[in-house]
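Chain B: place on chain A using the hints.
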Amino acid sequence: MSEYLLVEFDSPHEALAGARQARDGGHAAQDVLSHMPIEGISDCLGRPLKPPIGWAMFIAGAIGAAIGYFMQWYSAVIDYPIISGNRPLDSWPAFLLVPYETTILSAAIFGFLSWMVMNGLPRLHHPLFYAAITERAVQDRYLLVFPRDATLREWIADNLHPRQLHEVRE
Amino acid sequence: MSAAGGTKERWIEGIGSLEEINARICAPVLNPAHTWRWWAALAFSGSLTLLMLGSVGWLFGHGIGIFGNNTTIVWGFPIANYVWWLGIGHAGTLISALLLLTRQKWRGSLNRFAEAMTLFAASMAGLFPIFHLGRPYYLYWITPYPNVQGLWPQWRSALVWDLWAVGTYITFSALFWYVGLVPDLAMLRERASSRWARRLYGAFALGWRGSARHWEVHERFYRYMAALAVPLVVSVHSIVSLDFAASLEPGWADTIYPPYFVIGALYSGFAMVVVLAAALRWGCSFEPFVTRRHFDMIARVLLAASIIMGISYATEWFWAWYGGERTERHLITFLFTGPYAPLYYGQLLFNVIVPQAFWLPRVRTNIAPVVIISIFINVGMWLERILIVWSTLSRDYLPSAWRIFLPTFWDWALLTGSLGAFMFLFLLFVRILPAMPAHELRKLWIEENTP
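If you read the sequences in order, they're chains A and B.
In terms of the numbering used here, the first sequence opens at residue 110 and continues consecutively.
In terms of the numbering used here, the second sequence opens at residue 27 and continues consecutively.
Okay, chain A solo, but in the shape it has when bound:
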């Protein structure tokens, strides 16, 4: 099943340097576990991460705006026109307020859903949780995640100078 080698570092800079070195050595890490975001580390992984969450939110916002305006237009012009003082039925300046809010609301809600989907959350059980050290990863540690492999282990111990190596078996 999924078995991992966790390579522990002392600081974000060492973790970043380690990830870089591993990538350049042809053994790019699968993932990194850290208690804080490390800038630039996602470029050092096996496949670079470019989650398109901004696009998801933009499209959701545009749809939200269209729905917000259409709802008002349909109700005020088609379904229930109120003729009052010969005012235009499609009162667009007044009708911009609701679409403004629905844009932000739908971008936020859809963004949150995308945040979950792109993160693969919720996922309460993950093989990485079998290692006791992952408990510290959300508190103060930096771990590079590699597949468990004896030769790779040797290479890492020789080249990356980690603080410690941990193995995860199911």
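No lab work stands behind these hints: they were computed from the structure.
Remember, predicted model here, so these are calculated numbers, not experimental data.
If you only want the chain B side, here are some residues facing chain A, beta carbon under 10 Å, derived:
no., residue
1, 181
2, 187
3, 201
4, 202
5, 205
6, 212
7, 233
8, 238
9, 255
10, 264
11, 468
Straight-line alpha carbon distances no greater than 27 Å define the calculated DSSO-like cross-link-like pairs of lysine-lysine that follow:
no., chain 1, residue 1, chain 2, residue 2
12, B, 131, B, 469
13, A, 159, B, 131
14, A, 159, B, 469
Just so you have them, the derived chain A footprint on chain B, three or more residues with Cβ under 8 Å:
no., region
15, 39 to 48
16, 165 to 178
17, 188 to 197
18, 219 to 232
19, 242 to 252
20, 257 to 263
C-beta: ideal position from N, C-alpha, C; glycine also.
Using the frame of chain A, we list chain B on its own:
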């Protein structure tokens, strides 16, 4: 840690390790000290919350006749409280979002509890228009729901705009706040000792592992949300101001209203943040995270806002005079000489004059005076909100309708009750969730302590 002679700006003082940050932030949740203080505060605010619930029950039983509202001054306390509470809420979002986008590091210690303040204050705000509806059980009539009568909401009504603005705002703030909490909930999941707490925090942490993918998605999402939050806040309080400005009343139908309301919101909200920051610093031993420099920074923001408020007031006077409209001019004279004049002078004193003390660095960097002036500002801003409602309605175009507002017991009971309920929610928050964003402070600490 104490890099002597370092010219680096420090926002975290006297912390030796990451573990110390975690321990301090988790302490109020996992192993609290001074619990009697917390229980005493909870009992006090809980009794005020009961007062609020009782008043609401009485209100629903007897109708809005129990308020001081009369045939002329139909808005009274509920609308002023609504504007005031919502304004307080806005500062939390601005601290969190605007300071994130402008890369202000001092936001780190403030954003979590300021966002909690936003949620609770906006919830209090959202209740008041409902209390004022008269028939609150028909609240759903302002939502577009399918009904057999084929009716739609009136989209040209400010009340409907309010629903969308406040509804969006509360939903958005809750999402923004929760997403920021997830990495810290994962920390609590690992640190909690009881099985029950581990499971609960674990469920809400959604299985956060702090993986590179998580952080990449998280950082992007958080920044986009911040970019959406700033225009949202501006729109929400602008829409609130349109409740007034979209009318034809003297003193309300002004184009200055939207910006004037937004700045007023920021002003009262930052003042509330000062009060809560001081309370947290004292009650939860957060001295390393909420330093004198934080108070200094907020005091500067308050000073700038007070000057803008002063200019706004002066602009109102100027346009009333320059516009030449008799009713407008009369309204300003009425404010300065009428029965509300003492309150108006109080408003000017608290909002414009007293905060000028922040020009002195000695005042800004001492916590007690900053807190006291902030309380004055909150009182002053409440006076401003109530006077906006009272003065215009008291001196409308029709002299035969001129009346004065006299608050009743129930007006005061609901206002103090809402303060109690706000405090009650905030106290629960402090004991259940980490009041400081641990992951952001760890990052900040590393930045500050890396040569």
